[in-house]
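Q: Chain by chain, the residues run as shown.
Protein chains: 2
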Amino acid sequence: MSLLVVGSVAFDSVATPFGQVDEVLGGSGTYFSTSASFFTDVRLVAVVGEDFPPQHRSFLASRKIDLAGLQTAPGATFRWKGKYGFDLNEAQTLETHLNVFQTFKPELPEAYRESDFVFLANIDPELQLDVLKQVRRPQLVACDTMNYWIEGKRQALLKTLPYVDILIINEAETRQLAGEPNLLKAARAVLTMGPKTLIVKRGEYGVLLVSEHTIFAAPAFPLESVFDPTGAGDTFAGGFMGYLAATRNLSEASVRKATVFGSVMASFVVEDFSLERMRSLVYEEIAERYRKVKLLTEFAGLD
Amino acid sequence: MSLLVVGSVAFDSVATPFGQVDEVLGGSGTYFSTSASFFTDVRLVAVVGEDFPPQHRSFLASRKIDLAGLQTAPGATFRWKGKYGFDLNEAQTLETHLNVFQTFKPELPEAYRESDFVFLANIDPELQLDVLKQVRRPQLVACDTMNYWIEGKRQALLKTLPYVDILIINEAETRQLAGEPNLLKAARAVLTMGPKTLIVKRGEYGVLLVSEHTIFAAPAFPLESVFDPTGAGDTFAGGFMGYLAATRNLSEASVRKATVFGSVMASFVVEDFSLERMRSLVYEEIAERYRKVKLLTEFAGLD
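Protein sequence lines, in the order shown, are assigned to chains W and U.
Position 119, counted from 1, in the first sequence is what this note's numbering calls 119; the numbers after and before it change by one each time, with no gaps.
Position 282, counted from 1, in the second sequence is what this note's numbering calls 282; the numbers after and before it change by one each time, with no gaps.
The shape of chain W in the complex, shown without the other chains (with noise of 0.2 Å):
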């Protein structure tokens, strides 16, 4: 319950090896918070300029998720222009335009302040503490972030971070944060700025989770078509803290099972482009894709 996420609602232009699209519902609120509520109800903080539609507003309330938050402001909504080759693992930007996000001031509606589960999508490190502030008792903050913030506003991330439960970055924003190479030192490096936990997300690999006392390696859906990965990351963060926030069990089993919910979140996504895949999901083929993975993994133990 009371799941808030502060993030970008946008339309990206996209290009894959299978096909484009222009214009498309994107951003990383948007991913995150038609992810979660899968779960739970979201709460999402982001703004649009006075050009959003009202199917896509529509399309997010269809998914029951509290719009209170979603500012409109004079000018045009966040656009991303990027594409992949068939290394689908990495996006190339093209084109980015602020726009109404230049000037966003997150502020909180007086109910959000109440907010226990909290996710800060990845912007600007100042405006997410600026958020967690406006917060009063959150139970969980888990937190993304990227290479333009780490290098560019790195006092900033570090000033965040010691507010962070749960941090969720890529492999080459470990290595950057932590400046190390190898990568469970990075983590371990990266433990000792804040989070007690750090989420690493190794596209088509999965993830590793690592916390002081354990490591846990989730592996990711294995698909025979990767459409187009653009929002699979913040898609599995929805996941996640979804499952999270649903269960309101912060136990090492019920963090295991988030992870492993967050993936196979993750690979619906990827099916299609922009969010079409979530359009049609339903839960069952959640638990089935849940089911799969289980049985990807398991294998007896000594005897």
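Treat the hints as calculated values from the structure; they're not laboratory data.
Please note: incorrect hints may appear among the correct ones.
As the list claims (entries may be wrong) - Here are the in silico distance ranges between beta carbons for each label pair:
(1) Glu252(W) to Tyr283(U): 21 to 31 Å
(2) Leu94(W) to Ser251(U): 48 to 58 Å
(3) Lys294(U) to Glu114(W): 35 to 45 Å
(4) Leu302(U) to Ser280(W): 15 to 25 Å
(5) Pro162(W) to Ala61(U): 53 to 63 Å
(6) Gly85(U) to Asn89(W): 13 to 23 Å
(7) Gly301(W) to Gly19(U): 28 to 38 Å
(8) Phe18(W) to Asp51(U): 50 to 60 Å
Computed from a predicted structure; not experimentally measured.
Think of the CB as a built atom: it goes at the ideal place given N, C-alpha and C, for glycine as much as any other residue.
Dock chain U against chain W, hints included.
A: Same frame as chain W, but now just chain U:
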């Protein structure tokens, strides 16, 4: 019992970001047989030159490896020189001197013809087929290959594959052999070429085992210090085939355990140059790390 390997015995010169060594013991046959020797008896078919020193022979003999098939030919032993950058997943070959390997014609001692388990390490696919013809009724044949043969001896390789039960290659080789960028589709295509099972080696991400009705993902054991990845693939194969030969159990469950044992063996060999780590390794350490991989991957099913 009766596990046969044909492969190379070599002198390697290797540079990694952590140090370098010159003319140390290496070669696919060496790594495979040493790894397998922790589980079962191994017969090594290979060739060395007159410069191969007694202490290397003594080391192999100390691991109870049967050296009746290790020919000594006039000339110098095979030499390989390579280096790795911080991305330890990929070696850059600097020099290859085939030397006595150039005219290598594997001839199996009579007793070897009754071998039940056979591993064809990465050599010319024509030689691999020659060896197979000399084995009377192998119960299980596994095989490695590389980009050089996939491109340069494709027809010979396609003639060998129908006699192979388990092909053990890396991701790039899988994609190249199938001519298909999606790994899972590529794996399915490879299965139509003969092997009933494909094991895709993914370096620090572990392995993916694909057969007609099942997929198994085994993570690599996360290491804080990977010193030299040379031989990791052959060491994986040695642990995998060694365990299967020792148990003579080819059930799905057993093959999964074998995969994890292979992965565990590989995690040890990369901790030091050459086969140094294998000299001090004891079975209890292997069992301990197997248990850790189990903890690394376990999560609860759905309620």
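Q: Hints first: check each against the structure and report whether it holds.
A: Now for the hints, and whether the structure bears them out:
{"no.": "1", "hint": "Glu252(W) to Tyr283(U): 21 to 31 Å", "result": "29 Å, holds"}
{"no.": "2", "hint": "Leu94(W) to Ser251(U): 48 to 58 Å", "result": "51 Å, holds"}
{"no.": "3", "hint": "Lys294(U) to Glu114(W): 35 to 45 Å", "result": "41 Å, holds"}
{"no.": "4", "hint": "Leu302(U) to Ser280(W): 15 to 25 Å", "result": "21 Å, holds"}
{"no.": "5", "hint": "Pro162(W) to Ala61(U): 53 to 63 Å", "result": "58 Å, holds"}
{"no.": "6", "hint": "Gly85(U) to Asn89(W): 13 to 23 Å", "result": "19 Å, holds"}
{"no.": "7", "hint": "Gly301(W) to Gly19(U): 28 to 38 Å", "result": "36 Å, holds"}
{"no.": "8", "hint": "Phe18(W) to Asp51(U): 50 to 60 Å", "result": "54 Å, holds"}
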